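Enquirer: Each protein sequence line maps, in turn, to chains B and Y.
With full-length UniProt numbering applied, the first sequence covers 1 to 494.
With full-length UniProt numbering applied, the second sequence covers 1 to 494.
The set of hints was computed from the structure by calculation and includes no laboratory data.
One thing to keep in mind: the hints can contain errors.
Copies of the same chain look alike in the list, so a pair counts if it works inside one copy or between any two.
[Stated by the list, open to error] 16 Å max Cα-Cα, derived EDC-like pairs, lysine to aspartate or glutamate: (1) 289 - 75; (2) 128 - 92; (3) 420 - 209; (4) 490 - 336; (5) 420 - 263; (6) 420 - 207; (7) 179 - 153.
Bear in mind that the values here come from a model prediction, so they are computed numbers and not experimental data.
There are 2 protein chains.
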Amino acid sequence: MKIQKMKIPTILGALLVAGTLSAGAQMNSDSLYKEPYRPQYHFSPEKGWIGDPSGFMYYQGKYHMYWWGKVESTDLVHYQQITPYAMTGADDNISYFTGSAVIDKNNTAGFGKGAYVAAYTVFEKDSKKQAQGISFSHDGKTFHYYEGNPVLDLWSTEFRDPTVFWHEPTQKWVMAVAKALEKKIKFYTSPDLKSWTWTSDFGPAGDSEKSWECPDLFQLPVDGDSDKKRWVMVVSVNWAQEQYFIGDFDGTSFKLMENHPAEPLYVDKGLDFYASRTFQDFDGTLDSKISIGWVATWDYAPVAPSRYGKGFWSIPRNLELKTYKEGVRLVQKPVEQLQTLRHKPASVKRALSVGTQRLPGFVPDENVYELDASFSTDVSNTFGLNLCVGEGRKVVVSYDTDSHNLVIDRTHCSDVQIPKFSRMAYARVEPVDNKIHLHIFVDKSSIEIFANDGKDVFTLLTYPGEAQTGIELFAQKKGTKMELDAWMLKSIWR
Amino acid sequence: MKIQKMKIPTILGALLVAGTLSAGAQMNSDSLYKEPYRPQYHFSPEKGWIGDPSGFMYYQGKYHMYWWGKVESTDLVHYQQITPYAMTGADDNISYFTGSAVIDKNNTAGFGKGAYVAAYTVFEKDSKKQAQGISFSHDGKTFHYYEGNPVLDLWSTEFRDPTVFWHEPTQKWVMAVAKALEKKIKFYTSPDLKSWTWTSDFGPAGDSEKSWECPDLFQLPVDGDSDKKRWVMVVSVNWAQEQYFIGDFDGTSFKLMENHPAEPLYVDKGLDFYASRTFQDFDGTLDSKISIGWVATWDYAPVAPSRYGKGFWSIPRNLELKTYKEGVRLVQKPVEQLQTLRHKPASVKRALSVGTQRLPGFVPDENVYELDASFSTDVSNTFGLNLCVGEGRKVVVSYDTDSHNLVIDRTHCSDVQIPKFSRMAYARVEPVDNKIHLHIFVDKSSIEIFANDGKDVFTLLTYPGEAQTGIELFAQKKGTKMELDAWMLKSIWR
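Isolated chain B, as found in the complex:
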């Protein structure tokens, strides 16, 4: 995915402009970040379109994030928008697409010691060509277009989304970049971020039915053992899924680990999580790998009903590799510091009644809350939660103890009509110790479910009406026990 690069049909384009104008008209401190559908603890820009997470880094004690606008955070809970647009210098025929950014500590590129260097796809509007370019900055807020761009050009219209990082063992810059229609990730190395040498291709593999985009490549310890690290490569697959591969990277090529499954491994099993990116740590002080994704799907992203702008990013996720009986898998957990937003706690412990009941003891007045629920699975049953209940609409989260199928039905949740939005998500989620554990974040327009401590994650948009704040429990049979903790979450914008 790109920085709103998609060809948007004229009518949708008109809607986008209308949305932006309207948002502009509303911009005052009373209403800002209080607009309908506006997430209260997810980052969204003040107004306008948010693109793929780009140029994510931790540097000088701050998390720097770009969509080529820029936002900073010290805690990944609160955000400060620095600029709506950081890029300067390219002519009007150029669009800046998705990419990454590094700190050039040793001045390899000659832009100055410690310069910020962004590497991204240079899209030529007239020719549709996609090549890789760089821009540099001395303050991280204003980037200057490198006059020698593009720095890597295959004369292709399907070559995009470079991730660049410093590979310490080989003392070289590495670029992973997608050849979209070939379903390949190409690797290049460079001494100076300007001249790039091809070293290898990876793919097709896993899910290779549709275009590949937005590669990310990083190392994670396995089972918390930092002496036992693996490389993880995340690849977005058009238009709505991310797969990951686990293996090794030697500075020139990525090889799958032994016994890597042939079937795809998906990062998120929901409907709206894409183009995620991890932070590169230039301070060398982080002890965890954190990623953030774009919560959207191109099918309907341009017509999201929000009027402040379009799109937002996921809550930050702590990434781990963990060994299960089926092999090593990626685990994602919400960052712990989100707990600082909790207030109005409630606890419910009960056997589920047969039928449908309101959740007792926790009655949110807005969809800005967190649920941490555990259900026993030793008795055969189909049970679950209805979220965003009201006005005859809801999101159904249902689990079947026989099939182990977790089903999310948002076909009738939004209070507006959104084309292609009427979809369900489902995936097999195995009980652990005869329990299924669902850690759920609800924030205005979205639901994120971390099942079984982050082994299976489901992210999806919802766009319910403001009055749809009900929560129900349901069960088809007797015998299921539930333990649930709930919290309202404070808005980070108020």
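Put chain Y on the given structure of chain B with help from the hints.
Expert: Same frame as chain B, but now just chain Y:
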């Protein structure tokens, strides 16, 4: 889809051969058509692979059907297999792919007055080329390869599945044939079935994401008015869906009706219905248009657990066009003569209890039955039927009166592991007169659901164990009334 044309991975190929051998070993009158998973009122060949419905015609008082084996029927309830393979004369480098057949009453082709002429795709195994060829027959049982084949050749590897018919107004043969990767149906005309002239292309349109195959083109009255006819073109979309277009055909080109929806119209909203074909009526005595589809999906068709062979055809469906508030749509109903198989009738009329209960009054001892159920939708509820219940497995058919979402969950139904089989189907089904009406056919390996008198149809494979014959009712709330008629259906093979 083709006559087992797909490149089947070696291990699956081995399984297929094993299955065939095993079936061969079992072939005796005691066990034939009594094998596990064998449908009891659907047609499947004695043994081996069944391909797409091909060469369907009504002639001399009989329904003739080919998969290039041949089966005949006088009532579309009982079937007589005529030959396991009707084709002769092509060299070993040729495979016969999907196609149609006509009666050449006026001897336009010179094979003799009233000759059967089959038109199909000639697949060259070495070059992978797909061209169109013909074969002729004087008895409909043995076809002879035309020495002038191919009769239509674009030197393409993606050109297939011709449907040929006589167009009375223009006094010409017409061929509709798919250019698969271009998502086009190409039209040709011919005076003699041998020389073909291109007249027009249709497409891409509707669902054009994946390859197009198996076009069928036929006329239907609108709302039963034979003075008001429309043409319907059915196009299969790889690998698991069929879309249809409604419009007009003048002998040279197909044009969509005014206000044809841009979004795809799907013939079947289940998981396993493909390559359907209607009967051409050469007697001129039929007063209905009937189609039959292939009940399978290429993802797993080669590894279906049945050992007698692979695959079967749907129950015959009566096609109609009907005007709804959203426009003219295709309606499909099971042919009425299937009612002759009914025995052991039961009727149940009751308010659904909250929770899950066995269906009272109808306890099938095998999965060979028909249910005709109607549920009130005026009270908000989620309710449904579990079918093929037993040994901790089931198929869930669930309806939500708020979302109007009909959901079928067969993720945990089969008693064997089938790759990629763990899927759900869902679609919006609007209540009619505050009721949802489900007409359900269960036959060993499959379920066909005709919702609301055939406006929405769901066909899917199930492959349950022999002991999974239970039926349950469930509801999450009070107030839903059900009226259900049920019948066991007699086997057509005993």
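Enquirer: Each hint should be assessed against the structure and marked as holding or not.
Expert: To see whether the hints hold, each was checked on the structure:
no.: 1; hint: 289 - 75; in the structure: within (14 Å within a copy, 67 Å between copies)
no.: 2; hint: 128 - 92; in the structure: within (13 Å within a copy, 47 Å between copies)
no.: 3; hint: 420 - 209; in the structure: between (20 Å within a copy, 15 Å between copies)
no.: 4; hint: 490 - 336; in the structure: within (15 Å within a copy, 62 Å between copies)
no.: 5; hint: 420 - 263; in the structure: between (26 Å within a copy, 10 Å between copies)
no.: 6; hint: 420 - 207; in the structure: between (22 Å within a copy, 13 Å between copies)
no.: 7; hint: 179 - 153; in the structure: within (12 Å within a copy, 34 Å between copies)
When the structure is compared with the earlier hints, no violation turns up for any of them.
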